[in-house]
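**Q** Below, each chain spelled out in residue letters.
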Amino acid sequence: MKGQLKIQEMAFVIVALVLLFALIAVFFTSWRLHSVKGEVEALQEYAGGKLVSQLVNTPELQGSCQGCVSWDHAWVLAEGNYSLADRWNLDYLEVQILGVNRTCTAQQYPECGSITLIRGDAYGTAQRAFSAMCYWDPSINQERCQLGMVLASGGKA
Amino acid sequence: MKRGQEEIVGFAVLLVVLAIVGVILLGMYLRSPVPESSTFPEGGSFLDALPQVTSSCALTGDRLISVHELLVQCIMQPGKQCASEELICTVMNNTLHSLVTQAFPIGSRIEGYRFTVSEPDTPPVVTLSAGNCTSYQGDQRFLPGTGYSLALFVCT
Numbered sequence: 052m053k054g055q056l057k058i059q060e061m062a063f064v065i066v067a068l069v070l071l072f073a074l075i076a077v078f079f080t081s082w083r084l085h086s087v088k089g090e091v092e093a094l095q096e097y098a099g100g101k102l103v104s105q106l107v108n109t110p111e112l113q114g115s116c117q118g119c120v121s122w123d124h125a126w127v128l129a130e131g132n133y134s135l136a137d138r139w140n141l142d143y144l145e146v147q148i149l150g151v152n153r154t155c156t157a158q159q160y161p162e163c164g165s166i167t168l169i170r171g172d173a174y175g176t177a178q179r180a181f182s183a184m185c186y187w188d189p190s191i192n193q194e195r196c197q198l199g200m201v202l203a204s205g206g207k208a
Numbered sequence: 040m041k042r043g044q045e046e047i048v049g050f051a052v053l054l055v056v057l058a059i060v061g062v063i064l065l066g067m068y069l070r071s072p073v074p075e076s077s078t079f080p081e082g083g084s085f086l087d088a089l090p091q092v093t094s095s096c097a098l099t100g101d102r103l104i105s106v107h108e109l110l111v112q113c114i115m116q117p118g119k120q121c122a123s124e125e126l127i128c129t130v131m132n133n134t135l136h137s138l139v140t141q142a143f144p145i146g147s148r149i150e151g152y153r154f155t156v157s158e159p160d161t162p163p164v165v166t167l168s169a170g171n172c173t174s175y176q177g178d179q180r181f182l183p184g185t186g187y188s189l190a191l192f193v194c195t
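Those sequence lines, one after another, are chains H and U. Going by the working numbering, the first residue of the first sequence is number 52, and it counts up by one from there. Going by the working numbering, the first residue of the second sequence is number 40, and it counts up by one from there.
It is worth saying that the hints were derived from the structure and are not from the lab. Hints may contain errors.
Said to hold, decoys possible - Covered by chain U, per the in silico footprint, the following chain H stretches (three or more residues, Cβ under 8 Å):
hint, region
1, 68-79
2, 113-120
3, 183-195
Claimed, not checked - Which chain U residues stay away from chain H? Per the calculated CB distances, all over 10 Å, these:
hint, residue
4, L126
5, C128
6, A142
7, T155
The structure presented is a predicted model; accordingly, all values stated were derived computationally and were not measured. Idealized CB from N, CA, C, for every residue including glycine.
So here's chain U without its partners, still in its complex pose (with noise of 0.2 Å):
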């Protein structure tokens, strides 16, 4: 065999060698778990907290009703108002959206969310978005007595 040929038969040798450790290095880089991203850690306690706050809307008397009862009535009698002749969704939309934009402020931190009401596989009948974002992390927790779940897709 000439030298040149023994040259090239080097490089080739080493060509292979740098491909085997290429394809295991792919193989390891693939088979590496996903790191969980569908949650943010904050949605679900936000999610928890927000029916159970007073709003501003008092049915009968003069007790102001929670979030979870306003989103009750609003789904079940939506042409119904409150003592101050409102429209419970009226305030319901004001209550949610006063409340989202307050916990998840657009700035350094949080890029943007998307906050809905929804029952499945119909459009949902509150959603609240803002920030510009393509990538979320969120959480959803249903609401007993309705067959509505509220969800929260935020981007850090």
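Bound conformation, chain H alone (with noise of 0.2 Å):
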């Protein structure tokens, strides 16, 4: 009987035991995973940044200075059928100018602060950059940047 007692108790030990390590498995396993899928998102806006920067770099939307977005460049992009998605592999890209909320028309533009150049059927969360959208404005008689920002979402983003 005192056998059988010892035994017994030692096979809750060993149960409460498990018991234990398997609770601080799951803490573990959580934790890490939280701290993995906060580097993930890091390295996504990274790479989104660095996406959007070379996107806005390219001679198709490139304007007259580093890093600038030509207003006109992309205007034309987005009414011309050039398969924009496939070359760029995005789902989606838009370039704004902060503070004009107008979406670009054919009647409107240039005076309107929003040009939609590719958008997919599905897009996730889009990454964003600054950039400045310059244009020739007729009313000073040279180019005008404004403060913008590009949106893209989909290839390495």
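Using the hints, build the complex out of the two chains.
**A** This is the structure we're talking about:
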């Protein structure tokens, strides 16, 4: 009887230990997964920023200065049939001028604030980067650059 | 050895095992790399784009100068005026304030920001800040030809 009790005690202790280690393993795994998720998000943001800066510096979009977007180029690309989604491997691409809420149409261009160049059927969260949007402004007879934003999704982002 | 003594020894062994597991986990936690949080991805692109923006200040003729030229002129000749007879530094402050508030509206995503234009080891010539935060992510860019740098710190 005494021996049986001892075996029972040992069994309880072993079960308790297994449960304890299982709990520790669960906590540790969830903590690691959480930190991996954060690292993935940071990497995605970094890759997205890189992607947008590469896009801004392509000859198709680049304006007269380094890193500027030509508003005219963007409009021509949006209006034409250039298969941009395949060319740049993107699901979504939009350029915006901050503080101007009108979407560009043929009637409103260039006095508008948003040109969508690529709009796929499904796209995730767009990565964002600031850029100067430059166009010829006849009212001041010179090129005007305004603070804008490039939003891109897909590809390597 | 009595039964009570055996149980105490068992309990002590259990505590030692737990302590060892705890130390191992703590060691792994402390050795894991601290997540990179020193940069705000959009901050760098903002500082790159900002100097290229056209301001509302004309110096000679009707040509409007860029924010980069505006900053350089304000730093080099603070008393100078635009063609509109406004002080260059006043136009610069207004322009920077307008651009920073447009780019980083305080709300759900941005809790606060601090933007400065400064020379190393001297107080900033421009400081724009909003919101209330303790932990910032930021970036900075040197302003060519001046020795000054633009810095932006944002908390999200």
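**Q** Cut-off 8 Å, C-beta pairs, minimum 3 residues; does the coverage of the region 183-195 of chain H by chain U stand?
**A** holds (count 7)
**Q** Would you assess whether A142(U), listed as outside the interface, keeps its beta-carbon beyond 10 Å of every beta-carbon in chain H?
**A** Answer for A142(U): violated, closest chain H Cβ roughly 6 Å.
**Q** Are there three or more residues in the region 68-79 of chain H whose C-beta lies closer than 8 Å to some C-beta of chain U?
**A** holds (count 5)
**Q** If we take the beta carbon of C128(U), is the closest beta carbon in chain H still more than 10 Å away?
**A** holds, 20 Å
**Q** Just checking, T155(U) versus chain H, shortest CB gap more than 10 Å?
**A** holds, 18 Å
**Q** L126(U): least C-beta distance to chain H exceeds 10 Å?
**A** The claim stands: L126(U) keeps its Cβ more than 10 Å from every Cβ of chain H (closest is about 21 Å).
**Q** Go check the region 113-120 of chain H versus chain U for me, would you? Three or more residues, Cβ under 8 Å, otherwise it fails.
**A** holds (count 3)
Checked against the numbered hints given earlier, the structure breaks only hint 6 and satisfies all the rest.
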